[in-house]
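Colleague: We have chain A; now place chains B and C onto it with these hints.
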Amino acid sequence: MIIDFTHIIEQLPELVRSIGVTCMIWLVGTLGAVVLGFFVTLGLRFGPWGLRWLLSTYVEVIRGTPFLIQLFLLYYGGPFIGIALDPMPAGLLGVTVYGAAYFSEIFRAGFEAVPGGHVEAAQCLGLTRAQIIWRIQVPEMTMLVLPPAINMTVILLKETAVLSIITVPELTFLMQAIGSQQYAFVEAMAVLACFYWAMVSLAGRIGNFAEKRLSKYTFSHT
Amino acid sequence: MSWKLFALLVQACGLTIAISAISIVIGLLIGIGVSGAMLSRNRAVSWCGRTFVSFFRGSPLLVQLLLIYNLLPVLGLNVPSLVAAVVGLSLCDAAYQAENMRGGLTSVPRGLLEAADMLGLSPRQQFWRIKVPIALRLTLPALTSEAIMIVKASSLVSVVGVVELTRMAQDLAASTFRPLELFAAAGLLYLITNWTLSRLGRRLERSFSWGIR
Amino acid sequence: MSSVNPSPDCAISVRGVSKRFGQTEVLHGIDLDIAHGQVTCVIGPSGSGKSTLLRCMAFLEEATAGTILINGEPLGFGQDANGQRVRLSPQRIREVRSHIGMCFQQFNLWPHMTALGNVSEALKTARGLPKAQAEERAMAQLRKVGLEDRAGHYPSQLSGGQQQRVAIARALACEPKIMLFDEPTSSLDPELTGEVLKVMRDLAADGITMVVVSHEIGFAASVAHRITFLDQGRLLLQGTPGEVFGKPRHPRLDQFLDTYLDRGAAMLV
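Protein sequence lines correspond, in order, to chains A, B and C.
Here the numbering used here is used: position 70 in the first sequence is 70, and no number is missing along the way.
Count along the second sequence starting at 1, add 222, and that's the number in the numbering used here.
Count along the third sequence starting at 1, add 435, and that's the number in the numbering used here.
Extracted from the complex, chain A is given alone in its bound form (with noise of 0.2 Å):
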């Protein structure tokens, strides 16, 4: 086997534009998932009962089967149900959409760990149920879910290379062309990985970065 990475650095402006498209994916496909994930927890824990048994559906049905399946219903079942879209905003609905699912359980649980007993005060002094939650329940939740928020955002860094399969131009999807044109898969396929390597410990090392600047304002519940 010759190592030969000199095919790779040729296509240096492409790789940087999937490498732009692949951050773009990942960091609007969160934001969004975050967004949304946390209105889907609102509207479990506060909506009309048939709203609650469509979200807690959804939930169920996106964390129980594969994120490829999901694309593939978006992707190629959706122009049956008049949504056609192209790869990119498919994939990047795809994200959204499938971390959202997985936000929403984080928000649960963050709101469930907020003492029941600061919410009670809230409600004593007259906050209305938006103020607590925005300016009770949020905050506190904020560090109880940073961990677990942090891990999510990574795992959908590394969904992102599924959309390649739905030919979304991102880094996996140039990474295998080049591959297979140069005959240089195994050494494309190395690169990739070790790059998505890199961006996962990276993006770990800001999580914790950003988690002890935060837990300065903790306040001790137990």
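Each hint should be verified, as a subset may be incorrect.
[To be verified] According to the in silico footprint, chain A covers these stretches of chain B (three or more CB under 8 Å from chain A): (1) 258-272; (2) 281-295; (3) 320-333; (4) 338-347; (5) 377-385.
Hint data in this document are derived by calculation from the structure and do not stem from the laboratory.
Every residue gets a Cβ at the ideal spot worked out from N, C-alpha and C, and that includes glycine.
Modeller: Okay, now just chains B and C, sitting in the frame of chain A:
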């Protein structure tokens, strides 16, 4: 959807379950070994363990599968794609199991090991007879989630040519032009499998509670 | 009593043992001899270092200085040709430890094995006995502590007193010459201490060498051949119960006993 199509999916689901089960078992065995390595006092050994876990948890399974699938022939091992798929899944699973087991092993109360020390059990005997069984029980819930994760992850071996549930659904969808029904049916089968795994896990937790209700 | 050098004829001989945890000195140069067949009770206030001393005798804590001989053989640390303190091999440590059986405050029974499993485990694994033989010996020990009908129960299905008795049986199964007890009844509800103390009294009557760290002053006064009183890491008093508890008492001991009057020390007043 015709029964014939559904039957094909169910058959492929069987392969999915088989692949997942084998990978989980192999992964658990490797994982116990790797977690032992991570906790070893030998710095080189623990570094190897930690790097293994970091790599296989830090890179996407898809990339790992593609890498292993193409690497094995280059190393002279011309194995069928099924074997390459199982190798890839097992290694990935092993890294997650190792991390779970490491947490479990360090949670075993020290007093239990001191008692073993006093009764003359060697460190290796303590590891296999005391630490591992107790750690396994402590990590049983994580093990169940891991199993469910592997079943879902097994959908990716479709890209290396193994005709498990996802690949079967893809092929059938392409030939019948009915992707919605087929992928929905495949999703349903995954849901049923995972729900069953979850129930199994809870029953296991109850049977191995050693008298604790 | 003690010579400068440790006595090889004693069951346990402790010389100049000190122990430091970080900056805190917990034991200061303890000298102690435990004769064969004797029951020695180590008493003292919390923080006096008595558990630490016992654990040093079992090498569960490593003494920062000093020597410990078990049946004349050094435990944990020995001396090389130049008289320097050297750490002995794990193999050697295990050999010397095989003369000691230990009973913990938290019982430390393995939760995934039945009572019989716990008692027979060391015989099977560490001593290499075949299963049938190991279980036979284990049953004999369980019979001795009165729990043969609970052999198939898991620790979580046993009361605290029963668990501690199984733990004693487990230690006895390996036929040690010396039994160490680290506050064996401190974790038990008061109604359950009686059954454990009875087993310990029977053991003492059998003539086995015992070192007991305990707050059970009544037990100490009635069963022990020697009492050792530790205070702030120093050995303040030792002697027979008559000598130690007899009046006039050391003021520090009086102070200590005051707090334990309702724990059986009333009989001494």
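Colleague: Which of the numbered hints are not met once you compare them with the structure shown?
Modeller: Those not satisfied are hints 1, 3 and 4.
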